[in-house]
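Novice: Each chain, written out:
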Amino acid sequence: MNRPDDLVRAVEAALFAAEAPISEAEISAHLGGAAVRDALEELAAHYEGRGVELVQRGKLWHFQTAPDLAHLLRREREESRRLSRAATEVLAIVAYHEPVSRAEIEAIRGVQTAKGTLDVLMEAGWVRIAGRREVPGRPVIYATTPDFLTHFGLESRRDLPGIDELRAAGLLDPVEDALAAAMEEPPDGESQAPLASGEESA
Amino acid sequence: MNRPDDLVRAVEAALFAAEAPISEAEISAHLGGAAVRDALEELAAHYEGRGVELVQRGKLWHFQTAPDLAHLLRREREESRRLSRAATEVLAIVAYHEPVSRAEIEAIRGVQTAKGTLDVLMEAGWVRIAGRREVPGRPVIYATTPDFLTHFGLESRRDLPGIDELRAAGLLDPVEDALAAAMEEPPDGESQAPLASGEESA
Amino acid sequence: MMQEVDSPALSLLADDWDGPAAAASEDAALYLELDGWEGPLDLLLDLARRQKVDLRRISILELVDQYLTYIERAEALRLELAADYLVMAAWLAYLKSALLLPREEQPDPSPEELALRLHLRLQRLAAMRDAAARLMARDRLGRDVFLRGAPEGLRVDRKHKWQCDWFALIQAYGQVKVRTQPVVHMVRDRMVMTLDSALSRVSSLLGVNLDWMELRDFLPPHADPRLRRSALASSFVAALELARLGKAELAQEQVFGPLLLRGVKG
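From first to last, the protein sequence lines are chains H, D and X. Number 151 in this note's numbering belongs to position 151 of the first sequence; there are no gaps in the numbering. Number 120 in this note's numbering belongs to position 120 of the second sequence; there are no gaps in the numbering. Number 106 in this note's numbering belongs to position 106 of the third sequence; there are no gaps in the numbering.
Note that these hints are calculated values from the structure, not bench results. Remember, predicted model here, so these are calculated numbers, not experimental data. C-beta atoms are modelled at their ideal positions from N, C-alpha and C, and glycine is treated no differently. Please note: incorrect hints may appear among the correct ones.
Examples of chain X residues toward chain D, derived with CB under 10 angstroms [to be verified]:
1. Q66
2. R78
3. L169
4. I170
5. Y173
6. K177
7. T180
8. E249
9. Q252
10. F256
11. R262
Lysine-lysine pairs mimicking BS3-like chemistry, simulated, CA-CA at most 27 angstroms apart [said to hold, decoys possible]:
12. D:K115 - X:K159
13. X:K177 - D:K115
14. X:K247 - X:K177
15. X:K265 - X:K247
16. X:K52 - D:K115
Residues from chain H that keep clear of chain X, each with C-beta distances beyond 10 angstroms, as calculated [unchecked claim]:
17. D5
18. V8
19. G49
20. A66
21. P99
22. A103
23. L154
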């Protein structure tokens, strides 16, 4: 096996030693400003298929155990708290629609969202306040955090499961937009099919 | 690069995720009783010369960053900070009265002095412990350092302005009077020092 | 996690949908149901999914019927329904009747539009629910994949470079000296009018004037301002004292207005 060069070794050591996922810039700062991108790529390739792998989540890199070994490593204390269904839904809505206001979340879910639900997600470190929307009332808007990507193993938001299909189907657009689009279509367009068939059968 | 087999991968992941050094027997127990000795040897060989190495200490195994890279894992950053008012006062008292105990500093300042204040001055390299005073309780006494002289551009402590000079410079005026004098240029502002000399000559 | 949609409680309801209304166990089941749904849209989505057809092809009319049946049953069992379930029921009943009208008699906005809106909302909720399930099923850090258990840690040691200049130093010393110097307070000797002299002055002036006089008129006219202040205070107290003794009357027409006094004969 060929030995890695000193820069690769140093990057490898820094990543191993880091207590949390770390950005390229931070690693570089530790190594006297060296360009570390190539070393990161080389390491990621080296570790591919091993029991430990190097992954990038957003701007942050970290080593983690290979997912297929989960059954061997899962600890008994198995996740102390599970998210409620409401919380998982709110998290998904924030992730797929961000930035999004509480009113927009509620419009999708059809129920009021307890303040505590967003608090739980913020406490978990997955959701943050991303400012205010410049509309009347200036509502607070929410977005996901780098931790969210890290925790769910996403390289970026583009990796959110099914996000491309949802976007293509217009399911991430507000109901009003979809409604306007649907109404513009020819009156006997296929989009009206379910309703039309319902009427016909009645 | 040849891929490690599943047992090696599992041992690698277990060692990586372990929160403390772990014995061969413990790893084996984790992996359903498999014999892991060969896997450990293979891993130790694989990691040799990398930025991370697998080491055995007694019966326990763990990953550690390569010792020659330890200096990279710690980085110093210098931040400029202004000395607080309290610390400046204490420094001045040490400079004028050295060697001086903490109780004496407090007596001169008229307020309690936090231990942290002296620590800051010692961290800055301007004050040192100069022994103990041979009185009951043997209190620690403090003095300035050569660095102190250098930093403040003094040849020796005798260069510090004397009380008379301080007075002449208005630095011993009560704060309110000094302020008032600064605000309204004096009709009778001469009343302080010159008055005394005037009286003498009269 | 999202498999909760198919939880036993829900399938129980589905199985018992046409069962007898009175069974006690079913009461309990239905109760659980109401707890289990997060509002009418949630319930509607669940009903829609039980039609076992693509959500895009769901029949809104059929869905409306199912919802209304559900609400009627809950009412028959005298279950406490949250207001929003009833509001939705009323709205759906209206939607249904409008949908059944001949096209030319349909109100505005058209029932098709309202139905479409409901349909779009259900699709969006369903999409997010599925997305949440897929998200939760990913390889999650701390559950499926693990960070290094005992990282050495990367440390940034912050070292302070303390700043202080010569002037700040000696100025601080000056201030310490000033602060701790014994302070002598001198009270300046100044002219005052004692209460005794004010009493005699006011009572003698009252004796020669029969009309109301303002208190200020009793003050020595050309006195130093500081003496005037003292005299005002003493004269005021003297006036009160004389009024108490029945030798003077006091009057003041408004708060902070001029204080008037005159002598009382006898």
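Novice: Take the hints in turn and mark each one as holding or not.
Specialist: For each hint, the structure was consulted:
no.: 1; hint: Q66; result: violated (50 angstroms)
no.: 2; hint: R78; result: violated (55 angstroms)
no.: 3; hint: L169; result: holds (5 angstroms)
no.: 4; hint: I170; result: holds (6 angstroms)
no.: 5; hint: Y173; result: holds (4 angstroms)
no.: 6; hint: K177; result: holds (6 angstroms)
no.: 7; hint: T180; result: holds (5 angstroms)
no.: 8; hint: E249; result: violated (47 angstroms)
no.: 9; hint: Q252; result: violated (39 angstroms)
no.: 10; hint: F256; result: violated (33 angstroms)
no.: 11; hint: R262; result: violated (46 angstroms)
no.: 12; hint: D:K115 - X:K159; result: holds (19 angstroms)
no.: 13; hint: X:K177 - D:K115; result: holds (21 angstroms)
no.: 14; hint: X:K247 - X:K177; result: violated (59 angstroms)
no.: 15; hint: X:K265 - X:K247; result: holds (7 angstroms)
no.: 16; hint: X:K52 - D:K115; result: violated (74 angstroms)
no.: 17; hint: D5; result: holds (21 angstroms)
no.: 18; hint: V8; result: holds (17 angstroms)
no.: 19; hint: G49; result: holds (15 angstroms)
no.: 20; hint: A66; result: violated (7 angstroms)
no.: 21; hint: P99; result: holds (16 angstroms)
no.: 22; hint: A103; result: holds (14 angstroms)
no.: 23; hint: L154; result: violated (8 angstroms)
In the structure shown, a violation is registered for the earlier hints numbered 1, 2, 8, 9, 10, 11, 14, 16, 20 and 23, in ascending order.
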